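Peer 1: In case you want the letters, here they are:
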Amino acid sequence: MIKAENIVYEYIRRDEEGNVEGIDRVLDGISLDVQTGEFIAVIGHNGSGKSTFARNLNRLLTPTEGSLWIDGLNSDDMENTWKIRQSTGMVFQNPDNQIISSVVEEDVGFGPENMGVPTDDIWKRVEDALNAVDMIKYRSYSPNKLSGGQKQRVAIAGVLAMHPKCIILDEATAMLDPQGRLETLQTVKALNKMEKITIILITQDMEEVIYADKVFVMDHGKITMSGTPREIFTNEEALKECQLDLPQALKLANELRKEGIDITEGLLTAEELVDAICQLY
Amino acid sequence: MSIILDKISCKYETDMINEHYALKCITAKIEDGEFIGVIGHTGSGKSTLMQILNGLVVPSGGSVYYNGEDIHEKNYNLYKLRSEVGMVFQYPEHQLFETTVFRDVCFGPKNLGWSKKEIELSAFEALFQMGIESELYYQSPFDLSGGQKRRVAIAGVLAMKPKVLILDEPAVGLDPMGKRNILDKIAEIKAERNCTVILVSHSMDDIADYVNRVWVLDDGKLIIDASVKEVFSHKRDLEEIGLAVPQITSIMHMLKDKGLVVNTNVTTIDEAKMEILRKLR
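Just so you know, the protein sequences line up as chains G and A, in that order.
According to numbering that gives the first Met the number 0, the first sequence is numbered sequentially starting from 0.
According to numbering that gives the first Met the number 0, the second sequence is numbered sequentially starting from 0.
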């Protein structure tokens, strides 16, 4: 689905006359390979280059160096812009940047309408998408009357309605309450399982990483670690160096281990920790 | 010194048939020096309530008393209220605008008509307390990292020396270390300045770690107003309204469900560790 070879992205800072003041190398040689249908999490501290990477995947930005293929399309080629954006939908952190219509259902229908989907089909897609994010009862509301989390769910529905092959969520659950976050993640997970949509979840929330098949840790524009969530979370020190952390359950497991309690290594979820403790009892 | 909310309700989008209430008959009292956490699902009225506290939104029913005075009396000085009740909005870094960090932080106190010396002293103090390194003071705020920008924006509010500090999701979108850093700083400042802090958050883990008293909002109503321990003992009620208990508390519940007789009234990792050790040894 996505193949990146040594991509580099540089932001060029210019002064008022347009002379180059400095170059920030935000992505510094990223290579990765994402298969269709995979659920990928990308984690890293603020400023590590996660969002820049995501914007490259959607051709909002193009790599300064290196090559990037999305769904078999080379992102260097201008001609591919719209094809790439149709196959990879993006949900941003702040829904206000993404919502454009004055009625919820029109906003969700905007994407498919632009793709030339027949009208009846658009309505069905809108309904399915709003159902998937549990916002159907707000279909005739104005988005600016909704709360932050509700708006975010509308934004996700807008992407879903385009039936993309890949959805990139750029910290899209940050503004949601626990239930909303769980629902969104379950929705995303279900889309991944049932429809085989490739998911790229960019997040700061370590609890969300558990859902992924594979995790990439970014630091200073490089991928410093990659592996399954289980592998990533065994290395607490390395994560802390990247200003990240462990999920709560694993922190508790480590604390107990320090006290000499023999808890199995390589746990991932709260359920596994509970089972491990019960076995000792 | 106290804030009293007396039967506050807030109506919006009134047409001939429907009336929506963002807040319904909220009565509460905030004493000096309290650290209150506000939780509720998205759209439960948290942000509206916060804006009522500093007079930005006028309630359609009920009164707000600050130090015994009704803030919506005709001759009340709302200007003074807003300098004493500091508000940090969601994504406060979007409000940065000045050419240097230091000037940006000076903007608030400058508008309060203080002398130059007072303004600069207060700005230095606020930047220092938020842990901004002095070499950043004369840089553009836009060149800082996300976490630094957020801290500068909070310093801008602190520089006005508020007696009550309201923070609407101050840690959203930050990496785990940045988040901890900001919340630790807020707790330190609260202790040093002995001000009242009201923290709105969707993270039950943060609420459990930092505040003393919790308000739970559901559909515009204040349904629970109690200590952290008390609030998080209502696991089922919280889940019904789209919230959750902290991860750690839910692990304790899972242990209990498996037949391990543990105290579930535990909210932090340390407490959980002690409780599990007590059981296992």
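Quick caveat, the hints were computed from the structure, so don't treat them as lab data.
A portion of the hints provided could be inaccurate.
[Unchecked claim] In silico DSS-like cross-links for lysine-lysine, where the CA-CA straight-line distance does not exceed 30 Å: (1) G:K136 - A:K162; (2) G:K250 - A:K79; (3) A:K257 - A:K184; (4) A:K257 - G:K144; (5) A:K10 - A:K79; (6) G:K144 - A:K23; (7) G:K239 - A:K272; (8) A:K23 - G:K188.
[Unchecked claim] Stretches of chain G that chain A covers, calculated by requiring three or more beta carbons in the stretch to come under 8 Å of a beta carbon on chain A: (9) 53-60; (10) 103-111; (11) 125-136; (12) 200-206; (13) 234-245; (14) 259-271.
Keep in mind that this is a model prediction, so the values were computed, not measured.
Every residue, glycine too, gets a C-beta built ideally from N, C-alpha and C.
Peer 1: Which earlier hints turn out false for this structure, listed by number in ascending order?
Peer 2: Violated hints (numbers, rising): 1, 2, 3, 4, 8, 9, 10, 11; every other hint is consistent with the structure.
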